[in-house]
Every structure is written in structure tokens, then in C-alpha cells.
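With the sequences and hints as input, model every part of the structure.
FYI, my numbering numbers position 223 of the sequence shown as 1503, with every residue one higher than the one before it.
If you're looking for bench data, these hints aren't it; they were derived computationally from the structure. All of these numbers come straight from a predicted model, not from anything done at the bench. Heads up, a few of these hints could be off.
Okay, derived cross-link-like pairs now, DSS-like style, lysine-lysine, Cα gap no bigger than 30 Å in a straight line [said to hold, decoys possible]:
| # | residue 1 | residue 2 |
| --- | --- | --- |
| 1 | K1494 | K1319 |
| 2 | K1494 | K1504 |
| 3 | K1344 | K1504 |
| 4 | K1494 | K1535 |
| 5 | K1437 | K1543 |
| 6 | K1586 | K1442 |
| 7 | K1319 | K1466 |
| 8 | K1542 | K1344 |
Here are the simulated distance ranges between beta carbons [unchecked claim]:
| # | residue 1 | residue 2 | range |
| --- | --- | --- | --- |
| 9 | D1513 | L1428 | 34 to 42 Å |
| 10 | P1421 | P1562 | 18 to 26 Å |
| 11 | G1429 | D1513 | 49 to 57 Å |
| 12 | P1562 | N1360 | 17 to 25 Å |
| 13 | N1380 | P1431 | 22 to 30 Å |
| 14 | W1509 | H1390 | 51 to 59 Å |
| 15 | K1498 | P1421 | 33 to 41 Å |
| 16 | K1466 | K1341 | 35 to 43 Å |
| 17 | L1425 | Q1615 | 18 to 26 Å |
| 18 | P1333 | V1515 | 12 to 20 Å |
| 19 | K1543 | K1504 | 37 to 45 Å |
| 20 | D1541 | N1360 | 26 to 34 Å |
C-beta atoms are modelled at their ideal positions from N, C-alpha and C, and glycine is treated no differently.
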Amino acid sequence: MKNSLTKGLQERSIFLGAGLFCISTLSVIPGCKSEIPEKPNILIAIGDDISFPHMSAYGCKWVKTPGFDMVARQGILFRNAYTPNAKSSPSRACLLTGRNSWQLEEAANHVPYFPAKYTSFIEVLGRSGYETGYTAKGWAPGVALDSLGNPRELTGKQFNEKRLQPPSSGISDIDYAANFESFLEKRDPSKPFCFWYGSLEPHRRYEYGSGISKGGKKITDIDKVFSYWPDNDVVKTDMLDYAFEIEHFDNHLVKMIESLDKKGLLDNTIVIVTSDNGMPFPRIKGQAYDPSNHIPLAIMWKKGIKKRGREVFDLVSFIDFAPTLLEAAGVELSQSGMQT
1281 MKNSLTKGLQ ERSIFLGAGL FCISTLSVIP GCKSEIPEKP NILIAIGDDI SFPHMSAYGC
1341 KWVKTPGFDM VARQGILFRN AYTPNAKSSP SRACLLTGRN SWQLEEAANH VPYFPAKYTS
1401 FIEVLGRSGY ETGYTAKGWA PGVALDSLGN PRELTGKQFN EKRLQPPSSG ISDIDYAANF
1461 ESFLEKRDPS KPFCFWYGSL EPHRRYEYGS GISKGGKKIT DIDKVFSYWP DNDVVKTDML
1521 DYAFEIEHFD NHLVKMIESL DKKGLLDNTI VIVTSDNGMP FPRIKGQAYD PSNHIPLAIM
1581 WKKGIKKRGR EVFDLVSFID FAPTLLEAAG VELSQSGMQT
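Written as C-alpha cells, this is what we have:
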């Protein structure tokens, strides 16, 4: 079992790596740089309940996401990225472990106990010399303890101290960008880092009408309503409130990217922007329809992606991320402990 799972991790890493990264182990791919001389930093920005195609890079007219769009423009935009499970805890467990739901036991449930025997790739990075941290929502909701009953850091050390006045009552007061800045200031600059930006938006609840009153949006901005919802102003207002919260998520992403750029860290940072599952609306989140599992994804790595600004239509799954990022970080998969 160990060997077969390790082989599966390697195969998925090569599949995603061939489409994404020109890392040293894949230097035989035409057009790739021959070597990445230093371990990359990693910034994972994961929204809470965003469906494809609700980013302006995909042509959605009623949400403006300059941060996501920049990552897509300077990296790769994916049009067929999926989570294996359309709820927060199990979706994040799939991403962190490189496993499908049926391979995760209790962690395939919502609000579960995360089995101690399953390792997250961020824990592996932490043991491999990376500084790790997160703000807001890491792996949640649920309980994650090691075999001795101690709390685990599945997404790194928590950074939630910095607070702000939120733009609406439905938005968290956690200052995501300021907490990322705090992480950067406190880290050992001689080490690479992995930071998980887990926005609490656009998860419900919403301040009704905030998209219009505070986001400057109009009912007429909505050009299409799913056929299984009523096509009326109440539903459209709800969609605009959802869009307003996506933009809050994106605003903090912009600040984080600007901070990396000012510090000279952006070129060798893998920036991944995605969502855990689809939007929190009827027949979507937690269901088995396409908008439930079809998620936005853009990835930028200036030092590792040579042909930037392209779109990829291949199917990509959350289970591809762990092996790919470990390979990019120079971690030997057979020694990672993730195959047990």
C-alpha cells in the first residue's frame, strides 16, 4: 500500500507539474528552465465557498477580482479545477493530504476528528525547513490532534491577532493582509515559507443589500440566474452580496502580493488562488452538481512558469496539489510520510 500510494502521488505530481511548473526534476520538458536554484515560497489563498466562474478573469461581469486576475495573467488560469468534496472540512482535507474522500476515513466528514495517521503537506514542509503559518480558516471545522492528544498545525501556526473594522456585518474582522505581514516580519528570512490565507468570505451570513449599498453594484449587473433559482431581485441581491464578499477576499490578496513584491519575494513565491467548494446557495454547496465542486483556480510562479498568461482546460483536482508542492519544494515523496 505504501509503495502504490507513493507511486500515485508521484504520477499526480508529474501530471500537474507538467502543466504548471518548470521545476528542476521536470527540466526535460521543452520550454522549461533547467533549474530552480532555491526552494520556492508558497502562498495559498483559499476562499470560503466560491464557485467557478465567479472571478472577473473568467468573464464574470458582476464581480471584480484584480488580484485573482493578476495571478492568472502572470501565471496560469485553470478552467476545469475541481474539489473531490463540496464541503469545507473534507475538501480541505483532500487538498492538504493529496487523498480522495474515500481514503480519509473520518476526515471525509464535516466537523470531524482528523485521524492522526494522515499527514498534511504543510506539516511535511514544516519538518523540511519551511516556516509555516496561516490566518483565519485553516482546516476547519473539526478537531485535529496527534496520537498523544496534542493540537496539530495542519496549516501551520495561527496568525489572527491583527483586526480591522469590516466593511459589512457579514464580513470577518480579521485583518488577513496585516496578519500575513506579521508572519513575514516574524519568520526566519533564511528559510522558505508556506502561508495559508484562509478567508472567511464569501461564507454566509451576508449583510443583506451590502453588495448594492456598499459595493456599488446594481441589480442589472446580474446577467444570469441559475434555472433552479427564482429569477427575482431578492435572489440577485443575494448574489451581489456574495460578490461583494469575494471582492473582500481579493482585496487582501492584492495587499499580500504587493507586500511580497516590495520585499523582493514575489518572483520565487508560488501563489495559488482557489476556493474550497462552491457558493453557499441552494443546490450548490455540499451537493453533487457541477457548481458544487467546480472551483476557480489561478497559479503564479514567476521563476518557475516560463510560458505565463495561458489557460489550461485539463481536469485538475485538489489531490494534485500536495504532491506537486512537495516536489517543487524538493521534498522526496517516499520520505514525506504522506503515503502511510
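Does K1437 pair with K1543 here, judged by a C-alpha cut-off of 30 Å? 22 Å, holds
Given the range 34 to 42 Å, decide if the beta-carbon distance of D1513 to L1428 lies inside it. 55 Å, violated
Regarding the pair K1586 and K1442, is the alpha-carbon distance no greater than 30 Å? Violated, at about 36 Å.
17 to 25 Å was suggested as the range; check whether the CB atoms of P1562 and N1360 agree with it. Roughly 24 Å apart at Cβ, these two residues keep to the hinted range, so it holds.
Status of the given 26 to 34 Å range, CB of N1360 versus CB of D1541: About 29 Å separates the Cβ atoms of D1541 and N1360, which means 26 to 34 Å holds.
Should the hint that K1498 and P1421 are 33 to 41 Å apart at their CB atoms be regarded as holding? Holds: the Cβ-Cβ distance is about 35 Å, inside 33 to 41 Å.
The hint says 22 to 30 Å between N1380 and P1431; measuring C-beta to C-beta, is that right? Holds: the Cβ-Cβ distance is about 26 Å, inside 22 to 30 Å.
For the pair supplied as a hint, K1319 and K1466, is the alpha-carbon distance within the 30 Å limit? 19 Å, holds
C-beta pair K1543, K1504: status relative to the range 37 to 45 Å that was hinted: 41 Å, holds
Taking only the CA atoms, is the gap from K1494 to K1535 under or equal to 30 Å? Between K1494 and K1535 the Cα gap is close to 20 Å, so the pair holds against 30 Å.
Would the pair K1542 and K1344 pass a check requiring their Cα atoms to be no farther apart than 30 Å? Holds, at roughly 24 Å.
Quick check: does the Cβ-Cβ distance between W1509 and H1390 fall within 51 to 59 Å? 24 Å, violated
Consistency note: the structure conflicts with the earlier hints numbered 1, 6, 9 and 14.
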